[in-house]
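So the chains spell out like this:
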Amino acid sequence: MERDRAIVDERRVGGAIPACLLALLVPGAGHFYLGRVTKGLAFLGAIGALFVLGVLMDAGLQMHLGFDDPLAFLRSLAQMALGVPYFVARALGFEAGKVTSVTYEYGNTFTEVGGLLNILVVLDAYDVAVGRKR
Amino acid sequence: MIASHLLALIVFSTLVSVVFAMLLRERSQDRVRFALMTFGAFVLSAVVVGWLMYPFPN
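Sequences listed follow chains G and A, in order. For the numbering used here, count along the first sequence from 1 and bump the result up by 4. For the numbering used here, count along the second sequence from 1 and bump the result up by 11.
Fair warning: there could be bad hints in the mix.
[Said to hold, decoys possible] Not everything, but these chain G residues come out facing chain A in the computed CB check (under 10 angstroms): (1) A46; (2) R79; (3) L127.
[Unchecked claim] Selected chain A positions facing chain G (in silico; Cβ < 8 angstroms): (4) I13; (5) A14; (6) L17; (7) A19; (8) V22; (9) F23; (10) L26; (11) V29; (12) V30; (13) M33; (14) L34; (15) E37.
Hints listed in this document are in silico derivations from the structure and should not be mistaken for laboratory results. Ideal Cβ placement from N, Cα and C applies to all residues, glycine included.
Input sequences plus hints: build the corresponding full structure.
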């Protein structure tokens with residue numbers, strides 16, 4: 005039984021692409037697309053809350069592209085993995101954050117972990133789409 | 012917004028535990044149990060590490 009579930013149905017791999025793209029754009033959207041509403045709601049709620057609370061705690065959403073500061077680059081990538089909400093927040097002027105705020109590092113942690121969790125959610129959407137998971 | 016260390020820890024642990032439980036368990040009962048265990052592990056380990064660091068404030 006477990007062995008059967010580990011086999012990827014190659015006919016379904018193509019169908020996994022839109023699910024993964026949607027999951028990357030909006031947390032939980034890939035699971036909504038696949039009909040896993042409960043999972044989608046949980047991911048949207050939890051990761052969305054991590055992001056919103058992070059932004060409200062004065063997180064910095066600045067992009068660090070390039071390798072002059074590798075850790076800042078990786079943190080920036082983690083935040084970008086949140087997809088559309090990240091870019092919307094930047095467009096709305098939440099880009100700089102507030103370095104002097106007591107909660108600045110909390111905010112950064114919340115938003116970065118939200119993005120990293122969304123990467124796991126994308127991988128889960130792939131597994132569900134190809135039939136490896138329910 | 013959340014200026015208390017403990018409140019930030021509890022909110023963070025709750026949200027991350029929910030995502031982990033949804034990702035790693037399939038039955039509702041297992042998810043609840045796993046989320047509670049993960050939440051407890053987050054909070055307990057943070058408190059323990061906090062006390063271990065207490066003698067070294069700098």
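Each hint, compared with the structure:
1. With a least beta-carbon distance of about 5 angstroms to chain A, the hint placing A46(G) at the interface is held under the 10 angstroms criterion.
2. For the restraint placing R79(G) at the interface with chain A, the shortest Cβ-Cβ distance is roughly 16 angstroms, beyond the 10 angstroms limit, so the hint is violated.
3. Interface hint at L127(G): satisfied, since its Cβ lies 9 angstroms from the closest Cβ of chain A, which is below the 10 angstroms cut-off.
4. Annotation: I13(A) was flagged as interfacial toward chain G, and the flag holds, the nearest CB pair being 6 angstroms apart, inside 8 angstroms.
5. The beta carbon of A14(A) comes within 6 angstroms of a beta carbon in chain G, closer than 8 angstroms, and the hint placing it at the interface holds.
6. The interface hint given for L17(A) is broken, as the beta carbon of that residue sits about 12 angstroms from the closest beta carbon of chain G, more than 8 angstroms.
7. About 5 angstroms separates the beta-carbon of A19(A) from the nearest beta-carbon of chain G, less than 8 angstroms, and the hint is met.
8. Given the 8 angstroms rule on beta carbons, the hint for V22(A) holds: about 7 angstroms separates it from the nearest Cβ of chain G.
9. The restraint placing F23(A) at the interface with chain G holds, with a minimum CB-CB distance near 7 angstroms, inside the 8 angstroms limit.
10. Of the supplied interface hints, the one on L26(A) holds, with its beta-carbon coming within about 5 angstroms of a beta-carbon of chain G, less than 8 angstroms.
11. Of the supplied interface hints, the one on V29(A) holds, with its beta-carbon coming within about 5 angstroms of a beta-carbon of chain G, less than 8 angstroms.
12. The interface hint given for V30(A) holds, since its Cβ lies 5 angstroms from the closest Cβ of chain G, which is under the 8 angstroms cut-off.
13. This hint holds: M33(A) has a C-beta 5 angstroms from the nearest C-beta of chain G, less than the 8 angstroms allowed.
14. With a cut of 8 angstroms, the hint placing L34(A) at the interface with chain G holds, because the nearest CB-to-CB distance is about 5 angstroms.
15. Interface hint at E37(A): satisfied, since its Cβ lies 6 angstroms from the closest Cβ of chain G, which is below the 8 angstroms cut-off.
Hint compliance for this structure: hints 2, 6 are not met, and every other hint is.
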